[in-house]
Amino acid sequence: MKILSDERTKSVFEKLAKFIGGNIKLLIDRPDGKYCFREHKDRVYYMSQAILDLALSCNKEQLICAGTCFGKFTKTNKFRLHITALNYLAPYAQYKIWLKPSAEQQFLYGHHVLKSGMGRITENTPKNQGVVIFSMNDMPLGFGTSAKATADCKHADPIAIVCFNQGDIGEYIRNEDTLI
Amino acid sequence: MDILEDILQKEAKKSEKYKTTDVEKNVELELDLGNLLALDTNDLNLQELKSHKEKYLLNLARDNTQLLLNKLWDLPSERREDIVVAKLPAGTLRLPREKPCPKPKPLTKWQEYALEKGIKKKKKTNAVWDDIVQKWIPRFGYKKAELERQKDWVLEVPGNADPMEDQFAKKAEKKKEKVSKNEFQRLRNIAKAKKIKVPKEGLPSVANPSSDLLNTAAKVARVSTASLGKFQPKLPKEKTLKENVIAPKRVKRDHSKISSIDEKSSHLKIIDSILGKKPKLDIEKAVNRQVFQEQHERSEEKKTQKSKGGKKRRKTSIPSKARKGGKISKPRVGKVNTKKGKGGVGGGRKRR
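Residue numbers (full-length UniProt numbering), protein chains in the order written: chain A, 1 to 180; chain B, 1 to 352.
No lab work stands behind these hints: they were computed from the structure. Treat the numbers as computed from the prediction; the structure is a model and nothing was measured. Some clues are possibly wrong.
[Claimed, not checked] Which bits of chain B does chain A cover? Going by a derived footprint, with three or more residues having C-beta under 8 Å, they are: (1) 264–271; (2) 284–298.
[As the list claims (entries may be wrong)] Below, computed lysine to any residue pairings styled on SDA-like, alpha-carbon distance capped at 25 Å: (3) Lys18/A - Leu213/B; (4) Lys264/B - Asp42/A; (5) Lys280/B - Ala17/A; (6) Lys15/A - Ser57/A.
Here a beta-carbon is modelled for each residue, glycine too, at the ideal position from N, C-alpha and C.
Required output: the full structure, derived from the provided sequences and hints.
Okay, here's the thing in structure tokens:
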């Protein structure tokens with residue numbers, strides 16, 4: 001368990017800000033206790049102080065994970081979000097896309113969201129903005145980046161990609177072994 | 001008679017004081033006179049040992065020492081300057097060595113490579129037959145060097161070479177290079193074996209530097225300022241360094257030393273800096289916004305017209321289905337959907 005360096009903290013927050021904007025402050029400044037980000041084997045974990053104290057008593061080599069894994073740093077030092085972070089992204093998401101029930105399966109298999117599969121989209125979503133994807137009954141399914149702004153979506157043809165898949169809950173099965 | 005008895009009594013007292021030199025043992029001791037060592041393999045008397053331990057052990061030690069000394073007296077002895085001296089035989093017990101075993105010499109870089117590739121050293125003869133001088137000549141050494149000097153009284157100029165070039169100087173230079181390279185490698189091997197960190201001193205000047213070399217050169221140049229490159233502006237596509245080339249001291253941050261309040265405030269500061277970034281003028285975004293606004297206004301207008309016009313206008317302009325939702329973007333989406341079929345209508349309707 002390492003404390004993130006300033007540079008790394010910055011890249012983590014920049015990524016998170018794409019999805020939840022100013023709501024990151026709510027992740028750090030929580031009324032229900034102290035929460036923090038820690039790095040372990042290039043992966044970033046979010047956990048409460050109580051869990052951190054327990055994790056610190058553990059041998060570094062033998063510790064697999066503690067708290068919630070938010071993502072990992074690639075070999076080129078870029079931060080990549082994991083689907084495990086969805087629990088924290090979904091409630092604070094600023095831009096959302098709702099999927100039609102018929103398109104849910106396609107998305108959960110790792111495909112991008114086509115216009116024909118999009119049920120609703122938050123007004124004023126810009127292009128290349130982090131969006132959280134929900135089913136029609138408001139269950140979070142994953143997250144991605146918008147490929148088109150809301151205004152462009154209206155004119156796009158049904159097979160145009162509206163949102164690039166960056167993570168979906170199907171990964172819990174597909175990438176079971178690498179997802180920690 | 002009195003005197004005799006007296007003497008006998010005295011002797012008896014003496015013998016009481018001194019214990020006998022004869023000691024009996026069930027199993028004979030293993031004696032190693034060379035090392036002055038006796039090994040007693042007899043069983044201990046457990047009862048005695050439990051009742052009075054110290055006394056029993058002391059007695060046992062005395063008895064065994066007595067046996068050892070008895071054997072020593074059997075050795076041939078001589079008298080030197082009023083002292084009886086015996087020569088000890090060589091010891092039979094193999095004592096463990098005093099110092100730890102020497103570690104194997106660390107392999108040089110070449111030896112490592114040869115081991116990996118399975119290259120074995122071939123024995124070479126000391127002397128080689130030379131056809132020109134018709135003599136056996138050593139492979140190296142002063143005789144070889146002398147002969148070389150005699151043989152190379154003239155050197156051929158290669159066809160593509162500069163005719164004015166000094167071939168002798170060139171050859172000498174080559175030889176010098178070889179020697180210094182060998183010396184460098186020797187020192188490097190020593191440094192490696194002793195785990196000495198060799199400081200990097202600049203970069204080699206190469207005619208065609210590889211991209212790796214150029215990268216390291218750029219990195220070195222980057223951190224070669226008084227502030228170790230802290231205030232150096234970044235190039236647009238410069239790769240971020242995982243670790244510094246000059247390797248400044250790494251500060252390990254201790255969990256216990258950093259309070260959660262400090263951490264939180266530093267995090268909030270970072271977040272503020274991220275969120276407070278001035279957005280760049282995104283032309284696409286601006287155009288999109290403009291388009292959206294125009295559409296919005298137009299549809300508003302239509303709406304107001306609709307409500308004013310009443311039933312008459314409905315027939316001509318908009319199909320009744322699309323009008324149901326009454327949302328801003330309706331008319332356009334409706335048109336698209338009529339082309340592609342009914343399936344798309346639901347999607348269009350729900351969109352905000």
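Broken hints, by number: Violated: hints 3, 6.
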